[in-house]
Amino acid sequence: MRLGLPLLVALVTMVAGAAELRIGNGGEPLTLDPHRYNLNLEEKILADLFEGLTAHDAEGHIVPGAAESWTTSVDGLTWTFRLRKDARWSDGEPVTAADFVFSFRRLLDPATAASLAYFLYAIEGAADVNAGRTPAEALAVRALDPHVLEIRLAAPFPFFAERLIYPTGYPVPAHVVQKLGDDWVKAGNMVTNGAFVLAEWQPQGFVRARKNPRFRDAANVRLDAVAYYPTADRSAAYNRYRSGELDIIGDFPPGEIAWLEREMPEHVHISPLLSIMYLVFNVAEPPFDDARVRRALSLAIDRQLITGRVLESGEVPSHSFVPPMVENYTSEVAPRTVDTEAARALLAEAGYGDENPLRITLRYIAGADSKKVQVAIAAMWSAIGVETALHHAELNAHFAELRQGNFQVAQAGWFGENNPEHYLELLMSTTGDVNYGRFANADVDALMAKAKQTAALEARLALLRQAEAAALEIDPVVPLYAVTIRSLVNPRITGWRTNARNTHPARYLDIQR
Amino acid sequence: MSRYLLRRLAFAIVTLLAVVTVTFFLVRLAPGGPFDGERRLPPDVEANLRAAYDLDQPVVVQYGRYLARLARGDLGPSFRQKDFSVNELIAMGLPISVGIGLAALSLALLLGVAGGTFAGLSRDGPRDRMLVLGATLGLALPPIVVAPVLVLVFAVTLGWFPAGGYATAKHFVLPAVTLALPYAAAFMRLTRGSVAEVLQRPHVVTARAKGLGPLRLVTRHVLPSALMPVVSFLGPAAAALLAGSMVIEEVFSLPGLGRYFVQGALNRDYTLVTGAVIVYAALVLAFNLLVDLGYARLDPRIRHA
Numbered sequence: 001m002r003l004g005l006p007l008l009v010a011l012v013t014m015v016a017g018a019a020e021l022r023i024g025n026g027g028e029p030l031t032l033d034p035h036r037y038n039l040n041l042e043e044k045i046l047a048d049l050f051e052g053l054t055a056h057d058a059e060g061h062i063v064p065g066a067a068e069s070w071t072t073s074v075d076g077l078t079w080t081f082r083l084r085k086d087a088r089w090s091d092g093e094p095v096t097a098a099d100f101v102f103s104f105r106r107l108l109d110p111a112t113a114a115s116l117a118y119f120l121y122a123i124e125g126a127a128d129v130n131a132g133r134t135p136a137e138a139l140a141v142r143a144l145d146p147h148v149l150e151i152r153l154a155a156p157f158p159f160f161a162e163r164l165i166y167p168t169g170y171p172v173p174a175h176v177v178q179k180l181g182d183d184w185v186k187a188g189n190m191v192t193n194g195a196f197v198l199a200e201w202q203p204q205g206f207v208r209a210r211k212n213p214r215f216r217d218a219a220n221v222r223l224d225a226v227a228y229y230p231t232a233d234r235s236a237a238y239n240r241y242r243s244g245e246l247d248i249i250g251d252f253p254p255g256e257i258a259w260l261e262r263e264m265p266e267h268v269h270i271s272p273l274l275s276i277m278y279l280v281f282n283v284a285e286p287p288f289d290d291a292r293v294r295r296a297l298s299l300a301i302d303r304q305l306i307t308g309r310v311l312e313s314g315e316v317p318s319h320s321f322v323p324p325m326v327e328n329y330t331s332e333v334a335p336r337t338v339d340t341e342a343a344r345a346l347l348a349e350a351g352y353g354d355e356n357p358l359r360i361t362l363r364y365i366a367g368a369d370s371k372k373v374q375v376a377i378a379a380m381w382s383a384i385g386v387e388t389a390l391h392h393a394e395l396n397a398h399f400a401e402l403r404q405g406n407f408q409v410a411q412a413g414w415f416g417e418n419n420p421e422h423y424l425e426l427l428m429s430t431t432g433d434v435n436y437g438r439f440a441n442a443d444v445d446a447l448m449a450k451a452k453q454t455a456a457l458e459a460r461l462a463l464l465r466q467a468e469a470a471a472l473e474i475d476p477v478v479p480l481y482a483v484t485i486r487s488l489v490n491p492r493i494t495g496w497r498t499n500a501r502n503t504h505p506a507r508y509l510d511i512q513r
Numbered sequence: 001m002s003r004y005l006l007r008r009l010a011f012a013i014v015t016l017l018a019v020v021t022v023t024f025f026l027v028r029l030a031p032g033g034p035f036d037g038e039r040r041l042p043p044d045v046e047a048n049l050r051a052a053y054d055l056d057q058p059v060v061v062q063y064g065r066y067l068a069r070l071a072r073g074d075l076g077p078s079f080r081q082k083d084f085s086v087n088e089l090i091a092m093g094l095p096i097s098v099g100i101g102l103a104a105l106s107l108a109l110l111l112g113v114a115g116g117t118f119a120g121l122s123r124d125g126p127r128d129r130m131l132v133l134g135a136t137l138g139l140a141l142p143p144i145v146v147a148p149v150l151v152l153v154f155a156v157t158l159g160w161f162p163a164g165g166y167a168t169a170k171h172f173v174l175p176a177v178t179l180a181l182p183y184a185a186a187f188m189r190l191t192r193g194s195v196a197e198v199l200q201r202p203h204v205v206t207a208r209a210k211g212l213g214p215l216r217l218v219t220r221h222v223l224p225s226a227l228m229p230v231v232s233f234l235g236p237a238a239a240a241l242l243a244g245s246m247v248i249e250e251v252f253s254l255p256g257l258g259r260y261f262v263q264g265a266l267n268r269d270y271t272l273v274t275g276a277v278i279v280y281a282a283l284v285l286a287f288n289l290l291v292d293l294g295y296a297r298l299d300p301r302i303r304h305a
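Protein sequence lines correspond, in order, to chains P and F.
Position 303 of the first sequence, counted from 1, bears residue number 303 in the numbering used here, the numbering being contiguous throughout.
Position 182 of the second sequence, counted from 1, bears residue number 182 in the numbering used here, the numbering being contiguous throughout.
Where hints are given, some of them may not hold.
So the derived label-pair ranges between C-beta atoms look like this [what the hints assert, rightly or not]:
| id | chain 1 | residue 1 | chain 2 | residue 2 | range |
| --- | --- | --- | --- | --- | --- |
| 1 | P | Lys186 | F | Leu110 | 50 to 58 Å |
| 2 | F | Leu110 | P | Leu395 | 36 to 44 Å |
| 3 | F | Pro43 | P | Arg262 | 50 to 58 Å |
| 4 | F | Ala167 | P | Gly405 | 27 to 35 Å |
| 5 | P | Asn328 | F | Pro43 | 42 to 50 Å |
| 6 | P | Gly405 | F | Glu88 | 33 to 41 Å |
| 7 | F | Leu5 | P | Pro213 | 55 to 63 Å |
| 8 | F | Thr168 | P | His392 | 37 to 45 Å |
| 9 | P | Leu395 | F | Ala71 | 30 to 38 Å |
| 10 | F | Val231 | P | Gly405 | 42 to 50 Å |
| 11 | F | Val59 | P | Ala98 | 19 to 27 Å |
| 12 | F | Leu158 | P | Asp433 | 48 to 56 Å |
| 13 | F | Leu67 | P | Leu180 | 28 to 36 Å |
Treat the hints as calculated values from the structure; they're not laboratory data.
These numbers were taken from a predicted model, which means no experiment stands behind them.
No residue lacks a Cβ here, since even glycine has one placed at the ideal position from N, Cα and C.
Work out the full structure: start from the sequences and follow the hints.
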């Protein structure tokens with residue numbers, strides 16, 4: 001039976017003309033172990049294979065997943081999740097609270113070496129377990145009965161349901177992982193609780209998943225299979241889309257937009273992503289330890305020009321460090337509208353002028369789009385007498401330099417969550433090296449710390465607004481815009497809903513036959 | 001002969017060891033590390049990762065452990081493709097690279113020898129001029145230019161072949177053609193030159209004077225001697241084809257060894273890059289050894305040198 005069923009499914013789908021969705025996924029997954037993952041493109045595959053306590057619907061809203069409901073204590077510290085009684089692993093075993101306890105402990109076990117373990121440091125005891133200071137049993141995650149899971153947090157965190165969306169919060173099947181060890185993740189061994197189950201993985205070739213008939217909502221899953229192709233090269237992916245080998249690609253060369261919108265408009269989906277692109281100043285070193293210099297450079301930048309004339313693909317300009325599409329948040333930051341007179345005056349005050357021009361190096365990520373933007377910014381700065389040298393490096397090297405504080409001013413970006421804290425945390429002095437500019441301000445730190453101890457959402461958001469306004473008043477960063485996602489989706493695909501999270505679970509998609 | 005073989009083998013092993021050593025240290029000199037991703041790592045987490053891959057040890061210790069594993073034929077775990085060992089990755093990628101390489105080599109030989117023979121037989125005639133022009137173009141246009149043109153014409157516009165990926169034999173056609181073209185041109189020029197030269201030799205002149213038909217003349221008397229330089233070029237060509245497949249595999253999204261190498265280098269996957277270099281180096285050494293042995297068989301002077 002174990003072997004018979006997949007074989008039967010394979011035969012039936014072959015005869016019936018299987019509905020296989022072919023997605024250009026932007027790159028090769030480095031692991032399909034949800035606790036060891038690191039990349040956004042892995043999240044997309046894992047979200048189809050697994051279901052966490054909470055999940056995304058087709059529009060990117062947070063909805064119940066493996067938990068059918070949950071409650072939060074008044075102090076915001078204790079979260080109690082009721083698991084679905086009908087949930088099964090793909091091998092037929094029930095999904096239980098014990099699986100979740102096992103999984104959270106495994107994620108935080110130092111031996112797992114999970115690079116994103118800190119996503120769940122909000123759980124009481126998590127950081128100590130992950131550092132090896134306390135045993136895994138000290139983690140405040142308990143099974144109250146086979147279908148009730150209790151999680152205690154170290155501090156109130158109203159955005160915890162969203163934090164559980166990531167694969168770091170997914171359950172892994174304890175009975176399989178304990179038996180097979182690291183081999184549990186190989187095709188043929190891998191047992192999952194999501195709408196699809198791993199069928200085949202040819203590294204650098206494709207990952208193929210087939211429908212999981214034991215998924216709790218399998219009746220509403222229409223696709224028979226999904227194949228994810230590691231389309232690292234944007235142009236190659238575009239060619240493969242054009243020749244009909246891919247049904248969806250998440251990016252295409254910007255030079256093709258005009259042609260595509262004229263010739264095949266029903267394929268093109270351009271929408272803003274929950275993200276912020278910004279410039280960061282290294283405030284630890286001259287000249288950017290001087291707030292007047294930072295303000296001057298900020299006042300010279302014309303965001304409308306960058307988004308409207310340089311990029312021209314629907315990017316949303318932002319004066320706030322929190323992306324404009326984050327829900328429930330209205331920034332109180334004073335906009336920096338272009339004022340070259342004031343900028344020159346500030347520079348003069350700081351001791352720079354025609355005789356002694358400010359000379360700086362702007363670092364950016366290699367790539368055509370980002371180069372255009374940085375060249376434009378250098379031109380805007382030259383209008384106030386600043387001489388800018390441009391220096392680019394590929395993505396990983398760029399951020400490695402930034403983390404080491406090895407820059408003057410640099411392009412950076414942050415994306416992900418639908419809450420302001422996720423972005424504003426970057427401006428806390430305790431954040432570590434992703435506070436690339438080493439910004440440290442006692443008032444901002446105090447406001448952020450107070451917000452993080454506040455359970456009531458409204459009060460918390462108000463403190464975050466104050467913290468942001470206080471920080472941006474002294475210009476540690478220059479928020480620029482929210483980037484756009486350019487997708488091509490074959491019109492035969494139904495169920496695709498544009499959303500700022502850019503999440504499109506395959507269980508909601510179908511192919512018209 | 002066996003002493004010669006032993007000496008060459010020993011030399012190959014020393015070369016391989018040097019390649020391993022240089023690669024091992026060189027990849028670690030590149031800026032960035034295997035765990036620099038799009039997301040930050042807190043110090044505790046990074047310490048866990050570094051310990052899991054021996055990176056918390058001094059480099060000399062890492063090198064020693066690597067050599068010890070290598071001696072057992074184990075290329076180690078991939079630093080980045082966490083679910084696979086380097087051995088597993090190479091076992092999956094190498095057959096694909098060798099497949100394309102063989103297809104390209106056969107195609108290059110077929111086109112090159114046929115074209116070169118025709119050109120050599122009518123040297124300086126219009127047919128020859130056309131073929132030489134074609135060969136010059138084939139040599140001058142790098143695959144990185146030819147590949148997108150072929151994709152645009154045969155995949156995007158005509159839809160005859162897939163633009164990339166790997167599933168059926170059809171997926172191999174465009175990559176093999178792209179890879180074959182420069183070598184077809186090289187083989188053609190070699191064949192053309194030596195066919196023209198052999199045509200002047202006394203035994204061919206005699207055979208022709210005796211009234212032998214053109215087909216028999218070419219197959220019996222011209223080609224056997226004219227193909228010698230082509231055969232001797234096969235070794236270096238095979239090695240170069242293998243290395244050239246890196247570009248092709250990237251452009252056509254083929255999951256071969258070359259793609260692992262390029263992606264591994266970009267991602268600072270130390271073990272995967274080192275493993276791929278070792279395999280490439282071993283193959284090149286093997287080809288060179290085979291060619292040298294071939295020479296030694298043909299020319300006794302080399303055996304005793």
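Verification of the hints:
| no. | hint | result |
| --- | --- | --- |
| 1 | P:Lys186 / F:Leu110: 50 to 58 Å | 41 Å, violated |
| 2 | F:Leu110 / P:Leu395: 36 to 44 Å | 43 Å, holds |
| 3 | F:Pro43 / P:Arg262: 50 to 58 Å | 52 Å, holds |
| 4 | F:Ala167 / P:Gly405: 27 to 35 Å | 47 Å, violated |
| 5 | P:Asn328 / F:Pro43: 42 to 50 Å | 33 Å, violated |
| 6 | P:Gly405 / F:Glu88: 33 to 41 Å | 39 Å, holds |
| 7 | F:Leu5 / P:Pro213: 55 to 63 Å | 59 Å, holds |
| 8 | F:Thr168 / P:His392: 37 to 45 Å | 39 Å, holds |
| 9 | P:Leu395 / F:Ala71: 30 to 38 Å | 36 Å, holds |
| 10 | F:Val231 / P:Gly405: 42 to 50 Å | 59 Å, violated |
| 11 | F:Val59 / P:Ala98: 19 to 27 Å | 43 Å, violated |
| 12 | F:Leu158 / P:Asp433: 48 to 56 Å | 51 Å, holds |
| 13 | F:Leu67 / P:Leu180: 28 to 36 Å | 30 Å, holds |
Checked against the numbered hints given earlier, the structure breaks hints 1, 4, 5, 10, 11 and satisfies all the rest.
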